[in-house]
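Please arrange chains B and C on chain A, whose structure you already have, making use of the hints.
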Amino acid sequence: MDFTSLNFVVLIAALMVASVPIMLAAIGELVVERAGVLNLGVEGMMIIGAVCGFIAAVETGSPFLGFLGGAVGGAVLSLIFAVLTQTLLANQVATGLALTLFGLGLSSLLGQNYVGMKPPVTGKVPFGPLADLPVVGPILFGHDWVVYFSILIIAIVWWALKATRLGLILRAVGENHDAAHSLGYNVRRIRLGAIMFGGAMAGMGGAYVSLVRVPQWTDGITAGAGWIALAIVVFASWRPWRVMLGSYLFGGITVLQLNMQAAGSAIPVQYLSMAPYLITILVLVIMSSGKGRAALNAPASLGQNFHATR
Amino acid sequence: MERRNVLKGGAALGLSLALGPKAVLAAGKPKVGFILVGPKNDNGWSQHHYEAIKKAEEKFGDAVEIVVQESVPEGADAERVMSQMALSGAGLIFATSFGYMDAVQNVAAKFPKVMFEHATGYKSSANSATYNARFYEGRAVCGHIAGKMTKTNKIGYIGSFPIPEVIQGINSSYIHAHKANPKVEISVVWISAWFDPAKEADATKALLDQGCDVVLSHTDSTAPLATLKTAGAYGFGQSADMAEFAPKPRLSSIIDNWAPYYEERIKAIVDGTWKTQNIWYGIKEKMVVIGEISDAVPPDVKAEAEKIRDSIADGSYHPFQGPLNKQDGSVWVKEGEKPDDGTLLGLNFYVEGIKGAIPS
Amino acid sequence: MLRLEKRPNPSRFWIYGTPFLAVALTMIAGGIMFALLGKDPVAAIKLIFLDPLFNGDVASYSRPQILVKAAPLVLISIGLSLGFRAGVWNIGAEGQYVMGAIFGAATGLAFYPTESRLVFPLMVLAGAFGGFIWAMIPAILKTRFRTSEILVSLLLVYVAKQILASAALSFLKNPEGAGFPGSRNLAQIPAMANGELIAGTGLHWGGVAAFLAVGAAYVLLQRHILGFQIKLAGQAPRAARFAGVNPDRLVVLCMGLSGALAGLAGLFEVTGPAGQITIDFGVGYGFTAIIVAFLGRLNPLGILFAGLLMALTYIGGELAQFMLGLPAAAIQAFQGMLLFFLLAVDLLSNYRVRLIGWGAR
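Those protein sequence lines, which keep their order, are chains A, B and C.
Residues in the first sequence are numbered consecutively from 108, following our numbering.
Residues in the second sequence are numbered consecutively from 570, following our numbering.
Residues in the third sequence are numbered consecutively from 246, following our numbering.
Only chain A is shown next, with the shape it has when bound in the complex (with noise of 0.2 Å):
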């Protein structure tokens, strides 16, 4: 049999760091689309983050740098995107394809330099004893701290969008950015700095894949992760802890489908590979059709750009 041979403690051990990039895009994304604004460019975010980082981390031989440098450079690809779609009010779809274009070309411009050298290493967190303990050991407490981090801002973005006033305001632009206005909030601040923690995570999501996940930096390295971002924020119905299901379900099936083709399944290479997309889809079917009519919860004024007439 397939699975009796597949150690479930190591792969979930795999799947929470193989997961990470994606969740940090994904939940960047949802703020963004919670305030109203679709931005396909996280795809061109992350990469550029990945360049970013690797190189505030090689310079500065600081990991911790390397993940902030990802987020600013992000951060301030997303601002071209801000201006374009909140200050001249460009379309955004075609913006945010636009940005990941743009954001190729420029992320291998800028790591011509950096091709082949290694980034400092990011530890795992020291647990002491509690990591070697047996399950709970490899799971919880045998990550580095992006891992942690990642999670913890799953919370802080949950608790912030349901208890916070800049929530209710965020949501409320989102929802209605005219009746937003009327009642006094600056929708176009609002959004900016949405884009920006956007950004901000995509591009720390990117920096993880150039700084752990491979670790090196290479054109292209990001290969699609943030289109599965994307993906993953209409998936989980636009609420904060279902990115984290999201992503550890699509990381767990394509870690598991890599660990079933080394362990010698006999399911066919081709099906397991479509596997995460098929599943992936398969779920969200069940999830849409079930009582929670999940699609339903797009936020009303997405994609639509916002303009005062007063």
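Since no wrong hints were added, every one of them can be taken at face value.
Calculated from the model, a selection of chain B residues having no Cβ within reach of chain C, i.e. all distances over 12 Å: (1) Gly891; (2) Ser899; (3) Glu906.
In silico EDC-like links for lysine to aspartate or glutamate, alpha-carbon gap of 20 Å or less: (4) B:Lys682 <-> B:Asp840; (5) B:Lys798 <-> B:Asp864; (6) C:Lys284 <-> B:Glu634; (7) B:Lys876 <-> B:Asp864; (8) C:Lys251 <-> A:Asp285; (9) A:Lys225 <-> B:Asp810; (10) B:Lys853 <-> B:Asp879; (11) B:Lys817 <-> B:Asp864; (12) B:Lys679 <-> C:Glu441; (13) B:Lys628 <-> B:Asp825; (14) B:Lys855 <-> B:Glu833; (15) B:Lys798 <-> B:Glu861; (16) B:Lys682 <-> C:Asp302; (17) B:Lys692 <-> C:Glu421; (18) C:Lys418 <-> C:Asp525; (19) B:Lys679 <-> C:Asp302; (20) A:Lys225 <-> B:Glu813; (21) B:Lys844 <-> B:Glu854; (22) A:Lys269 <-> A:Glu282; (23) B:Lys798 <-> B:Glu813; (24) B:Lys855 <-> B:Asp879; (25) B:Lys895 <-> B:Glu906; (26) B:Lys692 <-> B:Asp909; (27) B:Lys853 <-> B:Glu875; (28) B:Lys748 <-> B:Asp879; (29) B:Lys798 <-> A:Asp251; (30) B:Lys924 <-> B:Glu754.
Rather than coming from a laboratory, the hints here were simulated on the basis of the structure.
Computed from a predicted model, the values in this text were never measured in an experiment.
Just so you know, even glycine gets a beta-carbon here, dropped at the ideal spot from N, CA and C.
Relative to chain A, chains B and C alone:
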């Protein structure tokens, strides 16, 4: 800048001052084009071609103009890029990926006076040659080292797509690992991509999690070695030496050494002696080079590996020398025989002992 | 400070003027980038925009190639634009493009060897059907289960690419190809080839289909009730429902139509310029077409020009690469800039920009 160099270019080009730069380009200075399938800094296949191009550029200096186009998709785009190169005066064009094969044939038919060189394909004509490297010879050496170095008796292999070149590599690796260590098993993971660093890293992790402690890769990035380094396991450089990962995890490497071939063929164009040919060079011709075997490998294993390398080079040994059975147990190569190149080039089955099916 | 005032009617001058302004701005910004990379900016920009059209050595070849490159982009974009207008988001045209090629090629190769002239029309039908079926999956999941078509169509791209790899490696593999992946070369089989129709123009059946699609979409949107429904559903979904527009029917229609056109584009590409099914057959036309659709402001004629402009920068970018040694990434960034500027100055046609003093609001 380029033009000034042309005008400065010495006695051979002395005539040029009278004829103007255009005539020089047409008459005196051959133009050579290269198209790469990936970015020139992909850390793997394309970068290695590009480094060979740079060497040729240094060698010929101003005598030859070399133009390079990176990230050219296979198919219609490749055909267009090569046509434009030919129209702008290139006399020799190298297409450095298998997928350019039909495009090369189409363009070669359109431009009979332009010569073409296609890597790893099987179609040629009066003005188009093919060149390929016997990567599987390098796999034999690495396979032996892998068999000796594994403690868990499990080695991993990351495959891109199940094409003959990759199947040759898996078979050769397994045959020699198995000869070195009869208890060895091989796990193959296919990632359906030539270049996807994150997925290559994940695949390496999956192989490690399944108990492999030596992993060979047949993809383009250094991600597997980077992952192996963190885990303390072993691997090999692929296409490039990847010496930055020595002595551990990189035990040795299979280097695609294109530079001498490029220099030879460009020289043939300069001299006017270029003729079509189909070559499949290996360790003997130094198109496949075994990178230095690191100190992590015990001296006796190192000596054995070098002996395999040398016996392949002098022709006394063939990596697919019989007796060999197919995966289903039927006879493939009889005792004392070796398969012909046609069979190898189209190899589409595993040898006996490898588990699992080739994806279809 | 800048202040925007909405115009009562879009400015005619700026509707036609903005593309030129955007190209001019891109030349400036791109020129700075090229100069920073140590290349002659004037030469680079001339190579990108003018040499494909006027260079003495290559233009006679490059000019028709613009049409070859633009044809699939325009064909796919036209289909997508109808959906986008109606609020139906088909992001997975790349997958439908690939499936169209696979279905068409498989149909043709099933009759191999044949000299029948009926094979090519049959392949065209099969190609359209392949794209249609692939687009029907998200359409039906949307109407039946309210599953997001954005997500499903996007994820199906990855599935289609996997099927493509399988096709190239097994069920469509050339039996005379010495075990290498890839199908027979359809462009070399007379009964299945989609060759140049008028020598020296680059026009193949895909180009004809693209022009027909532009014309049909124009008539549909201007004259037909369905075109009206599409526009209404996009602009005022609630009003559309009162007007008797069935949203589910519109989803199926828009997805099906865009899928079929993408499938057609794939079929014309695999039988013509690309020639064969290979692992890397999908080179991203389906994604670029989304950009083209928006650049053309979802307007059929606009899409035609946007497609030609994109094709020009691709081909000019190639020339700039090997003639000047510009990295491919610089061309990619340059295209990104062009899009940014086109999108940025677009507002001039709908808004008036006023300069007002600091402090005034």
